[in-house]
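Undergrad: Protein chains in written order, with my numbering: chain X, 1 to 327; chain S, 1 to 185.
Rather than coming from a laboratory, the hints here were simulated on the basis of the structure. Think of the CB as a built atom: it goes at the ideal place given N, C-alpha and C, for glycine as much as any other residue. No false leads were slipped in.
Chain X stretches covered by chain S per the calculated footprint, using a threshold of three residues with CB under 8 Å from any CB of chain S:
1. 10-17
2. 44-55
Some but not every residue of chain X turned toward chain S, in silico, with C-beta under 10 Å:
3. Ala20
4. Arg60
5. Ala61
6. Val66
7. Arg68
8. Arg73
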Amino acid sequence: MAAVTCPETRELFSARADDALAADERARLDAHLATCPECAAEWQRFERTVGILRAVAPARAPDGFVDRVLAARPRPWYRRLARSVFVPWPVKLPLEAAAIVLVAGLALVIVQRSPELQQAARAPAPPAGVTAPPPPGESARPSSEAPVWSELESTLRDAPPAGKVESARPEPTAAGDAARSAEAPRIAAESRAKSADGPEVGRRTETDHGRDGAGAAARLARPSAPAPAPEESGAAPGQSGSPPLRGRLTVGNRAAAERAVGELVIRAGGLVVDRVEEPEALVLGLVVPADRWDEVRRGLAALGALRLEGERGRTAGTLVMTLRLER
Amino acid sequence: MREGLADDAPLLARLRTGEPRAFEELVTMYQHRVFGVALRMLGNRAEAEEIAQETFLRAHRAVGAFRGEARLGTWLYAIASRLCLNRLASGSRRHERSDDTALLQAPAGGPDAVGALERGELEAALHQAVAALPEERRIVVVLRDFEGLSYEEIGEVLGVPLNTVRSRLHRARLDLKAKLERWLP
Chain X
1 MAAVTCPETR ELFSARADDA LAADERARLD AHLATCPECA AEWQRFERTV GILRAVAPAR
61 APDGFVDRVL AARPRPWYRR LARSVFVPWP VKLPLEAAAI VLVAGLALVI VQRSPELQQA
121 ARAPAPPAGV TAPPPPGESA RPSSEAPVWS ELESTLRDAP PAGKVESARP EPTAAGDAAR
181 SAEAPRIAAE SRAKSADGPE VGRRTETDHG RDGAGAAARL ARPSAPAPAP EESGAAPGQS
241 GSPPLRGRLT VGNRAAAERA VGELVIRAGG LVVDRVEEPE ALVLGLVVPA DRWDEVRRGL
301 AALGALRLEG ERGRTAGTLV MTLRLER
Chain S
1 MREGLADDAP LLARLRTGEP RAFEELVTMY QHRVFGVALR MLGNRAEAEE IAQETFLRAH
61 RAVGAFRGEA RLGTWLYAIA SRLCLNRLAS GSRRHERSDD TALLQAPAGG PDAVGALERG
121 ELEAALHQAV AALPEERRIV VVLRDFEGLS YEEIGEVLGV PLNTVRSRLH RARLDLKAKL
181 ERWLP
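Could you put together the complete structure from these sequences and hints?
TA: What follows is the structure, encoded as structure tokens:
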């Protein structure tokens, strides 16, 4: 067995500490340590160092480490898909609501910043002369006929939106009144056509007059069968250019007569569209299907002394009438 | 070492099928060892947990490609060691080495028991001595003396020959012996 030197001996310390030497190597090393005090002391210090290292307490992962790793682990694709589809409602609803609000807000911002979109969103302006509302104060004029007709016209007309009122309306001259009167039947016919598409006229009359407006307007909007085109019939007010029919009814009790007239007109499928109280009379604006006019006229005659002006033979379309109730 | 491969086979098979419970078992089984390597290498608990977590996540992603020629523990040690060495070499560490001497707790008693004060001083000295080791030597000491891996396992973890393992280990122990001279007889 060959002897080993001190440097060779010390190179084997690690293997000796790990018990990784072959039997013969270990025997030579032990023999050298037994005869070399310096190497023996060095070996003791080396062995002690390794002992300190190995005596260190093992490390422990912090609490919750496993859970954190599992939470950070990417989920399989099918679990991610299922989670995206089946998100619990308490989570999904607020998210969807927030998305709706966000989209609505974006749309509002886009519309506000796009003048073209704003114009497109507005209702198209009716032709000049038809869209113009009465000037301020005209409807309050205490006339017995013109204000009634004006109100009727504005009632039947599909008023333009605020801010879009035409300013070039002519002054209320006699010629102007006549022109408006001539146009009124056509407007009424237009309102009938519009009411067939939607509840605009009916809703307005109901609001303005508080009567059975919705039903009456619906009945009024129903074309008189068979309803010829207003231009062809030449009888419907506003189409023929004739002024409205005027009537005077002398009664003993004006209030009772007013109720009776209203019931009569509504029963006939018409509508009381205006009411103006004057010192000497109560003026009602009536719209009556022309084919029911005879029935209405007989009913009015039964209420009191009836005098009619401008009555014409009409069998189709709508008849517009101002009726003065006098004592 | 090879005889342990059969022990790992059932767990490895379940891991390959993506069974969530199998991964949880793996983490539970190896969490302290992987964390210990990172802690002794980096000297900072927060950074050690970060590296340990990344080790398991990488294993989760790569288990399908793991051929099973090494033990699962060895494989995890290899991933953790590589992550630690890369972190130390990158120079972009967010956490500096902690002064927490409790990271290396000396035993309270033993054949060469010292008083509590001396034990605290020894822990501080050991902490500093380990931290002062070159990284390639430090990892060998950590794997051998703290984690108890064999030379062969260390060679496999680090991908170096056995002679390199022996050499680095011996040099590291000599460095430590020199720094701990005060507590040695």
